[in-house]
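A.B. asks: Chain by chain, the residues run as shown.
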Amino acid sequence: MNPNGHDLDLEEDGAEPTPLFVVSMRRKMVLGVWVFSSYLVACSLLGLSRLEIVFSGYETRYPPLVWPIFLLLFVGISLLYISLTNQDKARQLDHPSSGNEVGKGKCLICEKSLYLPLRCRRCGKTYCVRHLPPGKHECEQRREAFIDRYGRALLVTVIIVVLATAGALTLIKSRTRYYDLRPSIWGEIVVWESDRHTDKKSPDRCEIYLYNLTAQREIRLTKNPANKWGPHIYESKVVWADNRSGNWDIYLMDLKTGTESQLTSDPSIQDSPLIYGDNVVWRDLRNGNSDVYMLNLLSGHEKQLTDDPTSQIPASIYGDLLIWKDSRNGNVDLCIYDLAESVERFLTTNPASQLSPSMWEDQVVWQDNRTGYWEIFIYNLTSAEERQITSNQGYNRNPSIYRDIITWSSLRFGDTWDIYVHNLSTGETKQITEEGKPWRNHPKVFDNIVVWDEGMRYREVYSYDLKSGEQQILSSP
Amino acid sequence: MGYHYIQQIFLCQVVVLAEDDLEDRLKKSVRALGELEARSDLEIAIVDALLDGPRTVAELSRIILGPEPRGHQANYMKVKRSVETLESKGYLSSSILGKPKPYRLTPYAREKLGSLASGELPKSRLLTVWDLVLYTITIFLASMTAFGQYDWYWIPMFFVYLAGISTVRLFQTLRRIS
Numbered sequence: 001m002n003p004n005g006h007d008l009d010l011e012e013d014g015a016e017p018t019p020l021f022v023v024s025m026r027r028k029m030v031l032g033v034w035v036f037s038s039y040l041v042a043c044s045l046l047g048l049s050r051l052e053i054v055f056s057g058y059e060t061r062y063p064p065l066v067w068p069i070f071l072l073l074f075v076g077i078s079l080l081y082i083s084l085t086n087q088d089k090a091r092q093l094d095h096p097s098s099g100n101e102v103g104k105g106k107c108l109i110c111e112k113s114l115y116l117p118l119r120c121r122r123c124g125k126t127y128c129v130r131h132l133p134p135g136k137h138e139c140e141q142r143r144e145a146f147i148d149r150y151g152r153a154l155l156v157t158v159i160i161v162v163l164a165t166a167g168a169l170t171l172i173k174s175r176t177r178y179y180d181l182r183p184s185i186w187g188e189i190v191v192w193e194s195d196r197h198t199d200k201k202s203p204d205r206c207e208i209y210l211y212n213l214t215a216q217r218e219i220r221l222t223k224n225p226a227n228k229w230g231p232h233i234y235e236s237k238v239v240w241a242d243n244r245s246g247n248w249d250i251y252l253m254d255l256k257t258g259t260e261s262q263l264t265s266d267p268s269i270q271d272s273p274l275i276y277g278d279n280v281v282w283r284d285l286r287n288g289n290s291d292v293y294m295l296n297l298l299s300g301h302e303k304q305l306t307d308d309p310t311s312q313i314p315a316s317i318y319g320d321l322l323i324w325k326d327s328r329n330g331n332v333d334l335c336i337y338d339l340a341e342s343v344e345r346f347l348t349t350n351p352a353s354q355l356s357p358s359m360w361e362d363q364v365v366w367q368d369n370r371t372g373y374w375e376i377f378i379y380n381l382t383s384a385e386e387r388q389i390t391s392n393q394g395y396n397r398n399p400s401i402y403r404d405i406i407t408w409s410s411l412r413f414g415d416t417w418d419i420y421v422h423n424l425s426t427g428e429t430k431q432i433t434e435e436g437k438p439w440r441n442h443p444k445v446f447d448n449i450v451v452w453d454e455g456m457r458y459r460e461v462y463s464y465d466l467k468s469g470e471q472q473i474l475s476s477p
Numbered sequence: 001m002g003y004h005y006i007q008q009i010f011l012c013q014v015v016v017l018a019e020d021d022l023e024d025r026l027k028k029s030v031r032a033l034g035e036l037e038a039r040s041d042l043e044i045a046i047v048d049a050l051l052d053g054p055r056t057v058a059e060l061s062r063i064i065l066g067p068e069p070r071g072h073q074a075n076y077m078k079v080k081r082s083v084e085t086l087e088s089k090g091y092l093s094s095s096i097l098g099k100p101k102p103y104r105l106t107p108y109a110r111e112k113l114g115s116l117a118s119g120e121l122p123k124s125r126l127l128t129v130w131d132l133v134l135y136t137i138t139i140f141l142a143s144m145t146a147f148g149q150y151d152w153y154w155i156p157m158f159f160v161y162l163a164g165i166s167t168v169r170l171f172q173t174l175r176r177i178s
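Quick note, the sequences are listed as chains A and B, same order.
Letter by letter, the first sequence follows residues 1 to 477 of the working numbering.
Letter by letter, the second sequence follows residues 1 to 178 of the working numbering.
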């Protein structure tokens, strides 16, 4: 017989065998919290660049008001949760501190004897679970209890609703995304296509934008609900493909006079225009396959440059030389065409693919996957010498050349897309974009200025001055 | 054996209980302590003793099994093992520092006892299904933030929110067993 008055035969106790090492639940939980938090911290550190992108507003471009609203919303929801949890706790057992003994509590209303008595926190009297709420036992402080119970929760709920509405409205008013793509540069003028005017009526709408680097001013060149793409500039002339007549045609705008003219009117597709001097070339599908056509702006004479049944797409033009991508050999090769002498010859015949050529004077650069990776190659038309510029076993694409400067976008293992510049005179290669910002593409170089488009959800046109090292966002939606 | 002992405990209290609901409450209490995972008589006796307030292992041993002769520690060790078992289930807790260390019922044990004994409150659990779902989603989003693609811009945002909620929830759970 023990002091409590109970017989307890421990020898015959039906206890389960006690393990040798017993770890308290608190230690297990602390270990769990530590492992969980460590994993979250490690993931946060690994994904720091992604977190930075979102919370710096780089990709989301939410108005500054959104983050305080989100923060307050989070605090509000936490308060509501804590408030409601406290209400539940108020109903839970309140035994040890009350000094009651087991089995000696009694509900003052129904006079039930209670195994585990519940005590009203307001009046301090003991009730069963049915009569515990202040309203059920005519508690003197039931009004205060009601306000305490529902008033705070109601207030927090109202705050949450107001904040959530404000946040939603702010988000709705902000643009969710836009793409400014494929810049082209000549002198101080940069042109690109932008879908920032898309709406429900014209979801495919793209407009052509222009930026004057000297005046530091952005101008919208086109204003109609049709889709447009692929602008290319030479001096004061801009050409692009335009869908305003229901099919793709080539349009030209002279920036000096501000006049816009339609260069093609064939009902089939004409796109991918390039301009140099008075020659405009484009891809034409009027023969059922991709051919290259040319228009001389002075004479108004239109000429078909290719008639092969495979695909030829113009890719670069300089002076009287035109390069197109040619598929007649079963893979994409580069073919060079002399507009003055009407002579064509293959620049590359390698069984791998050659894409995105760019030409300046007698130098041609392109991206080539003959090594199994996409690398940048250069070919000198005068010396007929070819050499490889990059050998980083990454994905180097869309090169552009101006005199002895080559630029391209590059994705290296474990890295993001970055813009690189190579100086042919010094042999120096330099990364001009900072790490951690994703998706840069379509770099073009002219003089000391490199332009490209950058971003995922909000793609904007950037420029970089090779002399001063200054970077600038040209898009200003 | 366990049920028999519990019946004995409550039969001692017959004098203070109303007879009409004695049987119901006995059944309920037996079920309650059974669901508390206090599987042995000694563990049930420890929970019973701690309902009156914090006790050290020595006090519990003396109250439940009676005083031992000087130099004997058999009962003390049995109680200590049972206390550790209950502690591993999250029902008992003591201060981390200081000596002696009186053990007390954790808020989680009190909630569980209250809900089980009354039979009207929702059953109390240390980790609910929603908690597990929350932690799983948080870990998933953390992995996606670390290794996912850049254009899944919404993932880091949700990860940060859920990480905050999960951390608060974990510390709340920790408090319940402390």
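Keep in mind that the hints are not guaranteed to be accurate.
[Claimed, not checked] List of simulated lysine-lysine pairs, DSS-like, C-alpha gap at most 30 angstroms:
1. A:K256 / A:K125
2. A:K303 / A:K237
3. A:K223 / A:K256
4. A:K28 / B:K78
5. B:K99 / B:K78
6. A:K106 / A:K125
7. B:K78 / A:K201
8. A:K106 / A:K136
9. A:K256 / A:K303
10. B:K101 / A:K136
11. A:K237 / A:K28
12. A:K28 / B:K101
In case anyone wonders, no lab produced these hints; they're calculated from the structure.
Predicted model only: the values in this text are computed from it and were never measured.
A.B. asks: It remains to establish, for every hint, whether it holds in the given structure.
C.D. replies: Each hint tested on the structure:
Restraint check: the Cα-Cα separation between K256 of chain A and K125 of chain A comes to about 91 angstroms, which exceeds 30 angstroms; the hinted pair is violated. Restraint check for K303 of chain A and K237 of chain A: satisfied, since their Cα atoms lie roughly 20 angstroms apart, inside the 30 angstroms limit. Between the alpha carbons of K223 of chain A and K256 of chain A the distance comes to roughly 18 angstroms, so the proposed pair stays at or under 30 angstroms and holds. Simply put, K28 of chain A and K78 of chain B have alpha-carbon atoms about 23 angstroms apart, close enough for the 30 angstroms limit, and the pair holds.
Of the pairs offered as hints, the one joining K99 of chain B and K78 of chain B holds, with about 20 angstroms between alpha carbons and a cut-off of 30 angstroms not exceeded. Between K106 of chain A and K125 of chain A the alpha-carbon distance is near 10 angstroms, which keeps this suggested pair within the 30 angstroms criterion. For the hint linking K78 of chain B to K201 of chain A, the alpha-carbon distance of about 80 angstroms lies beyond 30 angstroms, and the restraint is violated. At roughly 16 angstroms between alpha-carbon atoms, K106 of chain A and K136 of chain A fall within 30 angstroms of each other, so this suggested pair holds.
Our distance criterion of 30 angstroms between C-alpha atoms is met by K256 of chain A and K303 of chain A, whose separation comes to about 27 angstroms. Only pairs whose Cα atoms come within 30 angstroms are accepted, and K101 of chain B paired with K136 of chain A is rejected, the gap being roughly 40 angstroms. Of the supplied pair hints, the one linking K237 of chain A and K28 of chain A is violated, its CA atoms being roughly 72 angstroms apart against a limit of 30 angstroms. For the suggested pair K28 of chain A and K101 of chain B, the alpha carbons sit about 20 angstroms apart, so the restraint of at most 30 angstroms is met.
Of the hints listed earlier, those the structure fails to meet are numbers 1, 7, 10, 11, in rising order.
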